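As you go down the protein sequences, you meet chains A and B in turn.
Numbers in the working numbering are just positions in the first sequence, counted from 1, shifted up by 519.
Numbers in the working numbering are just positions in the second sequence, counted from 1, shifted up by 22.
There may be inaccurate statements among the hints.
[Stated by the list, open to error] Going by beta-carbon spacing under 10 Å, a handful of chain A positions derived as facing chain B:
{"id": "1", "residue": "531"}
{"id": "2", "residue": "532"}
{"id": "3", "residue": "538"}
{"id": "4", "residue": "573"}
{"id": "5", "residue": "582"}
{"id": "6", "residue": "689"}
{"id": "7", "residue": "692"}
{"id": "8", "residue": "727"}
{"id": "9", "residue": "730"}
[As the list claims (entries may be wrong)] A few chain A positions that, by computed beta-carbon distances, are all more than 12 Å from chain B:
{"id": "10", "residue": "646"}
{"id": "11", "residue": "652"}
{"id": "12", "residue": "690"}
[Unchecked claim] Have a look at the derived ranges for each label pair, beta carbon to beta carbon:
{"id": "13", "chain 1": "B", "residue 1": "202", "chain 2": "A", "residue 2": "761", "range": "53 to 59 Å"}
{"id": "14", "chain 1": "A", "residue 1": "528", "chain 2": "B", "residue 2": "184", "range": "15 to 21 Å"}
{"id": "15", "chain 1": "A", "residue 1": "590", "chain 2": "B", "residue 2": "83", "range": "16 to 22 Å"}
{"id": "16", "chain 1": "B", "residue 1": "111", "chain 2": "A", "residue 2": "589", "range": "21 to 27 Å"}
{"id": "17", "chain 1": "B", "residue 1": "111", "chain 2": "A", "residue 2": "717", "range": "28 to 34 Å"}
{"id": "18", "chain 1": "B", "residue 1": "202", "chain 2": "A", "residue 2": "528", "range": "18 to 24 Å"}
{"id": "19", "chain 1": "A", "residue 1": "678", "chain 2": "B", "residue 2": "184", "range": "54 to 60 Å"}
These are calculated hints, taken from the structure and not from any lab test.
Given the structure is predicted, the values throughout are model-derived calculations rather than measurements.
We put the CB at the ideal spot given by N, CA and C, even for glycine.
Each chain, letter by letter, is given below.
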Amino acid sequence: MNGDPAHNELDERTLRQLAQLADGTLSGQRRDALEARLASSAELRAALDRQRTAVSALRGADLQAPARLRQTLEAERSRPSTAVRRRRLAFGGALAGAAAAVALTIALVAPSGSGGPTVVEAAQLSGLPAMQASVPVDPANGKLLAASVSGVSFPNLHADFVWRQAGSRSDELDGRRTKTVFYERAGQRIGYTILPGDPVDAPDGARQTVQNGVRLSTARDRSGAIVSWLRGGHTCVLSGSGVSAKDLREVASWKGDGAVPF
Amino acid sequence: MEGRRGGAVLTALLVQGEDRQLDPQRSGDHIDALFRAACAMSGSRQIAEDLVQETYVKVLARPRLLRKDDDLGYLIKALRNTWYSYLRTERGRRAASTPGGESPEDLGLPATRANPETSLEASTVLDAVSRLPVQFREVVTAVDVAGLSYAEAARALGIRQGTVMSRLYRGREQVALALDSG
Numbered sequence: 520m521n522g523d524p525a526h527n528e529l530d531e532r533t534l535r536q537l538a539q540l541a542d543g544t545l546s547g548q549r550r551d552a553l554e555a556r557l558a559s560s561a562e563l564r565a566a567l568d569r570q571r572t573a574v575s576a577l578r579g580a581d582l583q584a585p586a587r588l589r590q591t592l593e594a595e596r597s598r599p600s601t602a603v604r605r606r607r608l609a610f611g612g613a614l615a616g617a618a619a620a621v622a623l624t625i626a627l628v629a630p631s632g633s634g635g636p637t638v639v640e641a642a643q644l645s646g647l648p649a650m651q652a653s654v655p656v657d658p659a660n661g662k663l664l665a666a667s668v669s670g671v672s673f674p675n676l677h678a679d680f681v682w683r684q685a686g687s688r689s690d691e692l693d694g695r696r697t698k699t700v701f702y703e704r705a706g707q708r709i710g711y712t713i714l715p716g717d718p719v720d721a722p723d724g725a726r727q728t729v730q731n732g733v734r735l736s737t738a739r740d741r742s743g744a745i746v747s748w749l750r751g752g753h754t755c756v757l758s759g760s761g762v763s764a765k766d767l768r769e770v771a772s773w774k775g776d777g778a779v780p781f
Numbered sequence: 023m024e025g026r027r028g029g030a031v032l033t034a035l036l037v038q039g040e041d042r043q044l045d046p047q048r049s050g051d052h053i054d055a056l057f058r059a060a061c062a063m064s065g066s067r068q069i070a071e072d073l074v075q076e077t078y079v080k081v082l083a084r085p086r087l088l089r090k091d092d093d094l095g096y097l098i099k100a101l102r103n104t105w106y107s108y109l110r111t112e113r114g115r116r117a118a119s120t121p122g123g124e125s126p127e128d129l130g131l132p133a134t135r136a137n138p139e140t141s142l143e144a145s146t147v148l149d150a151v152s153r154l155p156v157q158f159r160e161v162v163t164a165v166d167v168a169g170l171s172y173a174e175a176a177r178a179l180g181i182r183q184g185t186v187m188s189r190l191y192r193g194r195e196q197v198a199l200a201l202d203s204g
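Looking at chain A on its own, in the form it has when it is part of the complex:
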């Protein structure tokens, strides 16, 4: 038994009731009883004042989400996810009977993107040799290289990441003309591939993250991490044997202080 009156005044039950009284959720007899105690206790009144000060400040903190975040989330909401699309297929298949179920099975086991190029295929390009030896820096923008696909330029990673460009190659994946720029650093090599056209789904099970405002998908194959994301509506794929997913994501989300358009 603690004989200190100040201690007893602010026991656990009283603290909870003060919290409730401050935000208006205490009612009835409990409220009446607490208000009677408040009338005779300066300490309780001071405690309630502090609660009310905090409640007023916290609930009046009117900060709105930035417009760019709203726009990004709006686009996100209007874009059905792979999981959602598959669930729709599953419901349709269940209702349509056995014949549809056969087709559904095929749809579920098919690679993402219904037959188009895949992120993993694009990542495999990073293991191939360069066909053009060098890619110059964009004379108008030092954060970019003078190479692009459908208006999306490759970044110049040398100043910020010490990744030096090491040539490029062009390929065709399922009818799409792709370009891959290679970068090297301390014996490591990464390939940055841009796939023009409709966005390509991330591999199944890819981890979704957001870094520097960029939505990134990280997957793995036998040679290591693969990061994919969108720039200008086109799919970018970054991978490199032995390079960590964290390093890849840093490069993928790099905006060069606004000089690298997304």
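Mind docking chain B on chain A? Use the hints.
Structure of chain B alone, referenced to chain A:
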């Protein structure tokens, strides 16, 4: 009878699309609350933007059964998980090494409110929350910043309502003292 009820449920799920996932139309109503909560958790507008975006990406990609009136509670729970995942990364550990986020001034950057004084005040308040010990910060964020009821906050945070109230009291005390000394 049971079968008919099951059929009705199935029909409802089909009518509503994706097995009662977070309603995409309604979820937009919570962006501001979620952004404020993320600012209070992280102490950084930039990190808050990333956290909110990542939370939505995850929630919309993996629909869950949930009660229609508890969308915000579900989002707060998802935001909290995203925040802990973020802290586990090296980037997060770096940010956490500075109390309240990457930079104490980060929340003071220009906000979207037309009245700069209102924005500055909100930033000051949320910065004070971001400096609370985590158990108080979570509860204050859930109840006073995001606007959850005690019951919703208890569900979202996985603690008892009584604990919510106790932590809320102590968190508010510290916020009031911080604002008073600031």
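> If you take the shortest Cβ to Cβ gap from residue 531 (chain A) to chain B, is it below 10 Å?
Replying inline: 6 Å, holds
> Hey, does the residue 538 (chain A) contact hint survive, CB to chain B under 10 Å?
Replying inline: 4 Å, holds
> In this structure, is the beta-carbon distance linking residue 590 (chain A) and residue 83 (chain B) contained in 16 to 22 Å?
Replying inline: About 19 Å separates the Cβ atoms of residue 590 (chain A) and residue 83 (chain B), which means 16 to 22 Å holds.
>> According to the definition I'm using, a residue is off the interface if its beta carbon is farther than 12 Å from all beta carbons of the partner; does residue 690 (chain A) meet that for chain B?
In response: Holds: least Cβ distance 30 Å, greater than 12 Å.
> Per the CB criterion, is residue 692 (chain A) less than 10 Å away from chain B?
Replying inline: Violated, because the Cβ-Cβ distance from residue 692 (chain A) to chain B comes to roughly 25 Å (cut-off 10 Å).
> Holds or violated: is the Cβ of residue 573 (chain A) closer than 10 Å to a Cβ in chain B?
Replying inline: 4 Å, holds
> If you check the beta carbons of residue 202 (chain B) and residue 528 (chain A), does the distance land in 18 to 24 Å?
Replying inline: 21 Å, holds
> Regarding residue 678 (chain A) and residue 184 (chain B), is the given constraint of 54 to 60 Å on their beta-carbon distance met?
Replying inline: Taking Cβ atoms as reference, residue 678 (chain A) and residue 184 (chain B) lie about 56 Å apart, which means the hint holds.
>> The hint names residue 730 (chain A) as touching chain B; please verify it with the least Cβ-Cβ distance against 10 Å.
In response: It holds, given that the least Cβ distance between residue 730 (chain A) and chain B is near 6 Å, below 10 Å.
> That 28 to 34 Å hint for residue 111 (chain B) and residue 717 (chain A) (C-beta), does it hold up?
Replying inline: Roughly 31 Å apart at Cβ, these two residues keep to the hinted range, so it holds.
> Looking at residue 646 (chain A) again, its CB stays over 12 Å from all of chain B?
Replying inline: 27 Å, holds
>> Quick check on residue 727 (chain A) please, does its C-beta sit within 10 Å of some C-beta on chain B?
In response: 5 Å, holds
Hint violations for this structure: numbers 6 and 7, all remaining hints satisfied.
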